[in-house]
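Asker: These protein sequence lines are chains A and B, in that order. Position 31 of the first sequence, counting from 1, maps to 175 under my numbering, and the rest follow consecutively. Position 27 of the second sequence, counting from 1, maps to 29 under my numbering, and the rest follow consecutively.
Simulated from the structure, these hints should not be mistaken for laboratory data. Fair warning: there could be bad hints in the mix.
Said to hold, decoys possible - Derived contacts from chain B toward chain A, CB cut-off under 10 angstroms, selection only: (1) 41; (2) 45; (3) 48; (4) 50; (5) 64; (6) 65; (7) 107; (8) 116.
A quick note: this is a predicted structure, and the numbers were derived from the prediction, not measured. Note that CB positions come from ideal geometry on N, CA and C, so glycine has one too.
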Amino acid sequence: DVVLTQTPSTLSATIGQSVSISCRSSQSLLDSAGNTYLYWYLQRPGQSPQLLIYLVSNLGSGVPNRFSGSGSGTDFTLKISGVEAEDLGVYYCMQATHAPYTFGAGTKLELK
Amino acid sequence: EVQLQQSGAELVKPGASVKLSCKTSGYTFSNYYMSWLKQMPGQNIEWIGNIYGGNGGTGYNQKFKGKATLTVDKSSSTAYMDLSSLTSEDSAVYFCARWGYDGTYYYFDYWGQGVMVTVSS
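Using the sequences plus the hints, can you model the full thing?
Answerer: Structure follows, in structure tokens:
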């Protein structure tokens, strides 16, 4: 199975600060059709995960544009440009290029 | 409005089975895949498998073969997951999630609220 390694595991930020989360894959996530099925989800406390980014850099519906995704192959990054209070929670990267789909262990974003 | 409504929390004894439901509304059930996922307390999310609402075709994570069985009832737009031979390792929150399609790309776009399964004697 593909292993996704997220760093850091915990991130402390102040409101307005910009932060980045890394997700590294044990295999390339580029498929034979040229697509890279790497996603980012946010799980707020007590809630279900919600889609932020799909296919590396595409913003999900209704997601604020302070979120952005980048990367290729095995290295990916989620950036939040100006953290807001509603952004607190656990961020997961997920891959769907290789079966079974797998998730990273999560990065908890908390207020400093 | 798309909605995925999961059944309530379950307390089950070791060795028993449990059937979880995910009742959907607001979209054409038979046109989409539904996945089930497991999240143990404070831990990672695992993909169990998926099922196509149109014909019930399934795909499983090898880890959950023999543990989970996915079915659908098209008449009620409901997806089900049977978990068998339960142990403490099956105590977790289970989510259903729609594998959505925007015409070009796929992603989990709608999630159920999750259901806590506790295995205890």
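Asker: Now tell me if each hint is right for this structure.
Answerer: Outcome of the hint check:
no., hint, verdict
1, 41, "9 angstroms, holds"
2, 45, "8 angstroms, holds"
3, 48, "7 angstroms, holds"
4, 50, "9 angstroms, holds"
5, 64, "7 angstroms, holds"
6, 65, "7 angstroms, holds"
7, 107, "5 angstroms, holds"
8, 116, "6 angstroms, holds"
The structure is consistent with each of the numbered hints, conforming to all of them.
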